[in-house]
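A.B. asks: Sequence:
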Amino acid sequence: MAGFWLGPIASGRGYRLFSYDEVGSTSSEAVKAAATGDVGEVWYASLKQTAGRGRRGRAWETPSGNLAASLMIVPDCDPAVTATLGFVAGVALNRALAEVLPASLVKHGIDGADAGRHRIALKWPNDVLADGAKLAGILLEAQKRPDGRHAVVIGFGVNVVSAPEGLPYPATSLSALGTELTAEAIFAALSDEWIIAYELWDSGRNVADILRLWRHAAAGIGAEVAVSRDGGVVRGVFESIDDAGRLIVRSDDDSRIAITAGDVHFGVTASVGI
1 MAGFWLGPIA SGRGYRLFSY DEVGSTSSEA VKAAATGDVG EVWYASLKQT AGRGRRGRAW
61 ETPSGNLAAS LMIVPDCDPA VTATLGFVAG VALNRALAEV LPASLVKHGI DGADAGRHRI
121 ALKWPNDVLA DGAKLAGILL EAQKRPDGRH AVVIGFGVNV VSAPEGLPYP ATSLSALGTE
181 LTAEAIFAAL SDEWIIAYEL WDSGRNVADI LRLWRHAAAG IGAEVAVSRD GGVVRGVFES
241 IDDAGRLIVR SDDDSRIAIT AGDVHFGVTA SVGI
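Position one of the sequence shown corresponds to residue 1 (UniProt numbering), numbered consecutively onward.
If you're looking for bench data, these hints aren't it; they were derived computationally from the structure. All values derive from a computational prediction rather than experimental measurement.
Within a straight-line C-alpha distance of at most 35 Å, the following computed DSBU-like cross-link-like pairs (lysine-lysine) qualify:
id: 1; residue 1: K32; residue 2: K144
id: 2; residue 1: K48; residue 2: K32
id: 3; residue 1: K134; residue 2: K32
id: 4; residue 1: K134; residue 2: K48
id: 5; residue 1: K48; residue 2: K144
Could you build all of it, start to finish, from the sequences and the hints given here?
C.D. replies: Structure (structure tokens):
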């Protein structure tokens, strides 16, 4: 039976929580709440999802024991700024995992990049990697409220006890890394780390600080990268992300290409056909 709880910071800020053993999609529950005028700052968390979704309409599998959690908020900012909430979410989740994972599991590098850096790292635009394999994903959705304002739903999926099979990319779980953490413990840490990162973001006024934290935890900076996007594949070196959150790739002719959306491949997989 699900025993989710909010961390003390989230609870003190008045955030609410609905928890489930099983649900179709936590993000769908959050979207429905926004559509009916809920004021936000409400979490939906489940140990299992049967109809989860990821980027570009892809399915996101959440077997029992993994974490599916979605937060609905109504930010007081220009809708164009809300896209940077994905970086806020990444920073919060990365810090939550660092808080609950044993220190011995947070070092090393990934597939051809980041030697000597963290085993747990952020992958542009919205994934968390462990040793180069996908450990968690983040998805942002917008929903117009009855009052005309836009709510934002931020979905988090973490492979706690198992990882999906048959994916076109490697995936892993916390269990495979040798930990016995629970979805509930990770969620409690996430709910507090979200508050810290969100308040730092400050309606987008301090997005530069969030991007700095994101870069510090990023996978693949300085490494060979290939980005598949509509219209083809861009190859080069992952230089950084700019102040708008775009991926900057330095190509072989030394030009800098700013990418707003695409699927990123590092190291060995960047040098082969995609």
